[in-house]
Amino acid sequence: MPENPSVILSGFADESANQKTAEQQFAAFAAVGLQYYSIRFIDVGNGIKNVMELTKTEITRVRHLEDEYGLNVSSIGSPIGKVKLLDVDDKTNNRFVPFDKYLDKDVNKACELAHAFETKLIRGFSFYHPRGTDPREHLTQTIDQLGQIAEACHRSDLTFGLEIEANLVGQSGELLAEIYRQVNHPALALIFDAGNIVCQGFSRDEVFGQYQAMKRGIGWIHIKDYRHPAPVTKQQHVNEDA
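Last residue of the sequence shown: 294 (my numbering), numbering continuous.
Worth flagging that the hints you see were computed from the coordinates, not collected in a lab. Given the structure is predicted, the values throughout are model-derived calculations rather than measurements. Careful: at least some of the hints might be erroneous.
[Claimed, not checked] In silico PhoX-like links for lysine-lysine, alpha-carbon gap of 20 Å or less: (1) K108 / K157; (2) K72 / K101; (3) K172 / K157; (4) K157 / K136; (5) K101 / K134; (6) K136 / K153; (7) K161 / K101.
Given only the sequences and the hints, what does the whole structure look like? Please build it.
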């Protein structure tokens, strides 16, 4: 690695636009001088859709608007890995998809979108373990499935970024680092996001410790924080709808 590696500044453009229209998102990013954005939710004229739901016509429309505003996609903000690991009723609304079907349909679709938007990066997650269970009990299955996802990305010359987030098997820096170590694949990188750790009730020192645990595998960083009106205590499960 060079002594002074270059850093690309990017962001989720949908967070800059109340109605999430493509024009609103791109105008906001162009106005502050950004040249890259991560595509996640966007309205191209047919209502707000996740990038995974865009039609070929809508993708073409987005590409034309990118040219108009001087923007490029830095990563696909996909929800890959935000499904249940096991088909059990754990009183959540998370869906379960048999993994072979998920790999063939959803993961391949994310890879196709990355090529359509000319990016090498896909953001994803580490699967929901059954609510109330210890995520460590599910490391073996998670590592196996993420290894297959990384290999699918590798075959498409892409990198899969694994984001730290509550309620998932990789909900802490230590767990995510262990997943990274055992998957041991060149197409897998980690995504550090302090806000997703703070919301679980960790102190600033603990957040930094989790960063240090992940540091070796970090490919990119989400710069954001989290603050709740009331003091946040340690939580095993975070209400994602709150």
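How the hints compare with the structure:
For the proposed pair K108 and K157, the alpha carbon gap of about 16 Å is at most 20 Å, so the pair holds. Straight-line distance between C-alpha atoms of K72 and K101 comes to about 9 Å, which keeps the hinted pair within the 20 Å bound. This hinted pair checks out: K172 and K157 have alpha carbons roughly 19 Å apart, not beyond 20 Å. Restraint check: the Cα-Cα separation between K157 and K136 comes to about 16 Å, which is no more than 20 Å; the hinted pair holds.
For the proposed pair K101 and K134, the alpha carbon gap of about 17 Å is at most 20 Å, so the pair holds. Our distance criterion of 20 Å between C-alpha atoms is met by K136 and K153, whose separation comes to about 13 Å. With a C-alpha separation of about 15 Å, the suggested pairing of K161 with K101 holds against the 20 Å cut-off.
In the structure shown, no violation is registered for any of the earlier numbered hints.
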